[in-house]
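Generate coordinates for the entire structure from the input sequences, incorporating the hints supplied.
For the record, the sequence lines run as chains A and B. In case it helps, the numbering used here puts the first sequence at residues 1 to 433. In case it helps, the numbering used here puts the second sequence at residues 1 to 433.
Bear in mind the hints are in silico, worked out from the structure with no lab data behind them. Among the hints, a few may not be true.
Identical chains blur together in the list; that is why a pair holds if it fits in one copy or across any two.
[Stated by the list, open to error] Here are the simulated EDC-like pairs of lysine to aspartate or glutamate, each with C-alpha atoms no more than 16 Å apart in a straight line: (1) Lys45 to Asp63; (2) Lys290 to Glu156; (3) Lys393 to Glu365; (4) Lys392 to Glu156; (5) Lys328 to Glu238.
Protein chains: 2
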Amino acid sequence: MPQKNIYSDFSQNQLFEEKQKLTNVFGEYKAKNLKLNMTRGVPCKEQLDLSNPMLKMDLSEIDYSSKDAGDCRNYGGLTGIVEAREMFRDLTGAGSVNEIMLFGNSSLNIMHDNIVRSMLLGVYEGSTPWSKLGDNQKPKFLCPVPGYDRHFSICEYYGIEMINIKLNSDGPDMDEVEKLVNGDPLVKGIWCVPKYSNPDGITYSDEVVKRLADLSPAADDFRIYYDNAYFVHDLTDEGDALLDILAELKKNKKEDMLNMFISTSKITFAGGGICALVASEKNIKYISSKVFIQTIGPDKLNQLRHAVFLKDKAGIKAHMAKHREILKPKFEAVNIGLEKNLGGTNLAKWNKPNGGYFISLFVPENCAKKTIALAAELGVALTPAGSTYPYKKDPDDSNIRIAPTFPSIDDLTLAVDALCVCIKLAYIESLTA
Amino acid sequence: MPQKNIYSDFSQNQLFEEKQKLTNVFGEYKAKNLKLNMTRGVPCKEQLDLSNPMLKMDLSEIDYSSKDAGDCRNYGGLTGIVEAREMFRDLTGAGSVNEIMLFGNSSLNIMHDNIVRSMLLGVYEGSTPWSKLGDNQKPKFLCPVPGYDRHFSICEYYGIEMINIKLNSDGPDMDEVEKLVNGDPLVKGIWCVPKYSNPDGITYSDEVVKRLADLSPAADDFRIYYDNAYFVHDLTDEGDALLDILAELKKNKKEDMLNMFISTSKITFAGGGICALVASEKNIKYISSKVFIQTIGPDKLNQLRHAVFLKDKAGIKAHMAKHREILKPKFEAVNIGLEKNLGGTNLAKWNKPNGGYFISLFVPENCAKKTIALAAELGVALTPAGSTYPYKKDPDDSNIRIAPTFPSIDDLTLAVDALCVCIKLAYIESLTA
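Have a look at this one:
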């Protein structure tokens, strides 16, 4: 945080008056009995409506069949139907459909299962399961922060030690990443949201991607957990460009190092999409041999619906343009609100991402918890403070994640105004406490 | 097997002649270049067609919404929509919807995840994860045999020792079960398919269910894995009656001992159904707290489709009557074929189940492998010998699982005729070898 801000030169009296004024405004907001929710990255109704045709399409016209897996109503097709794999191949830089395996509706679930499989069966055939590393040999994951709470929860539950890595404006601090990955055989993974990171909206630079793709891990079962959740989720016409990591890895003959995860949760239906793992053929072969034990196969009917509805790369791009129309004004409303209330105060900084689902706001140190508690009093729900850090511990107590997609623009404007009062009040209280 | 059979009094010459005759018939079948598959319990096209209306229903009429989970297109609703839970409650003896949790399309996947969770996190809050039992402390599961290969594969993969239990005509040998469960704290579970068991089609008697419900396990984290896969899958109007185990457990205050699994895979779509875990409220509470780490929630749209299409208990019963019309003649065709070819020979015995998906055939000892290999030569694919036993080891090499649901009646008749030739030939070869 900058040292000097709007209140730096205030006298004690002035601070007291300002606090009184803010407390009054706070009271006015409280009287409104607001009920506004900006906690999670949830699509709004208008976004969901875009995919309604998918629910009524007549699949009898194609006999409910996929090219390679036959009747999608029946069992089988463990790795998913080829039509949908082709679609994702063209969007992710995968060289072949054999580098793509489809699953159900939750990419988080694939990540979870990859971790669990690594714990019990090992990352590749013959590797030591992490649960058998021996006493005091806990696996470790690197966690660029702030990051996605659900990634961190998985690690916490399974006793995987998390190490914070600074997320710079071009991606994780690669000096630190290289030192730890290349030096410590217990470092088994790194969580990455490489495009429009959650919550900062940062896209990794070409250099960062190249360095990630050329890691020389001390652990031979190290994997990059590449959660490409927002791979086609641009808020501008161009969007950020993300270098194709699979191509880079292949150049270095290190493609087995990647587990990339994508889904249509924020393309079609958040609860009823499909998701995919993108990895080397060798990895897919191993993983599918283990998933074979777990299930007879994924819901291919939903995969077929998706393939027919979204068609191909161009179809997805066109569909995402419709999301953009809905979302862009919402992100702008938050930016306008933050600028109006906090611009020039030096009390906070925030990112203006070109895509993704969040705006990451940094308030003065030791003020995030207090701000979020005050906002809750006003009926403005925000993700709990600390959530964007491993073990829910924000070392600066400074980061607040704003999720602008679900509320209406009016609600967002109101919520941001209210939030900014809370930020100021929390800070002034910290000064006068 | 009975000691005396049709060939018992044959002279060496007669056996040789019979072998020659059978070899000729075998050759005739071979010339037909058959391609018949009876390996898996897979619904046929006509069965799948019964649920096609589900794929075209207009969910906009109910605003894509469930009573408790709101917009099913969006995130949330971890335990599943209440409409579908009500439907299963009325079919399973669950006392409340809080005893039911819905998942995706694969009940096998829930079973798998329950095992994995037990390995890494423990069966209940505070219990010792099985992966931390200590050296040489392998968890054990009791496996009534013959049984379902996929159950056994899960145990095998995760190093859970399997103990064969004789499956009598009224269920597992409960003397043996009680001795092991009540005496050995490493016995953590038992696999049960209580109605129309896979492959025998046996339904557990009231006494067996009562004794199961009154086990006093040495392990406080013992669970009955009750795979009620065929709970509404009757082949006769009445069907077999299965005592309500949850009610029995509650009488004994032992309801935490149960994990019941059901699905609509063989009600609606094998690949696109929904499935559920039925357990005590305490168990559901614990399990959902862990599944929370794993996923944001199941595909509620598919749950909604199912609830609207199947409606309630009466709706499911009526729907299953349509399956019965399709399946009954198929099971009869197999029975007729077996009777025609093997009746009175004392060479084989088989069950005539009142429901389920299989006919279990016992051929002379040491002849199952050989029979299946011969059938494969004729283009008749059967589940590999041994599959119905842990570690794929049928101690008698005698059991063959026939899956009559997928092929047409003509194909079934042909396949059974061919199979019976193979049985006789395998047996005669064993005598003359």
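Exercise. Is it within a copy, between copies, both, or neither that the alpha carbon of Lys45 lies no farther than 16 Å from that of Asp63?
Worked result: between (31 Å within a copy, 11 Å between copies)
Exercise. Using 16 Å as the alpha-carbon threshold, which applies to Lys328 and Glu238: within, between, both, or neither?
Worked result: Close inside one copy (13 Å), not across copies (60 Å); limit 16 Å.
Exercise. What label fits Lys290 with Glu156 when the C-alpha limit is 16 Å: within, between, both, or neither?
Worked result: Cα proximity of Lys290 and Glu156: across copies only (12 Å, versus 24 Å in one copy).
Exercise. For the identical chains here, do Lys392 and Glu156 meet the 16 Å Cα criterion within one copy, between copies, both, or neither?
Worked result: within (10 Å within a copy, 37 Å between copies)
For this session: Could you place Lys393 and Glu365 in one of the four classes (within, between, both, neither) given a Cα distance threshold of 16 Å?
Result: within (13 Å within a copy, 65 Å between copies)
Checked against the numbered hints given earlier, the structure satisfies every one of them.
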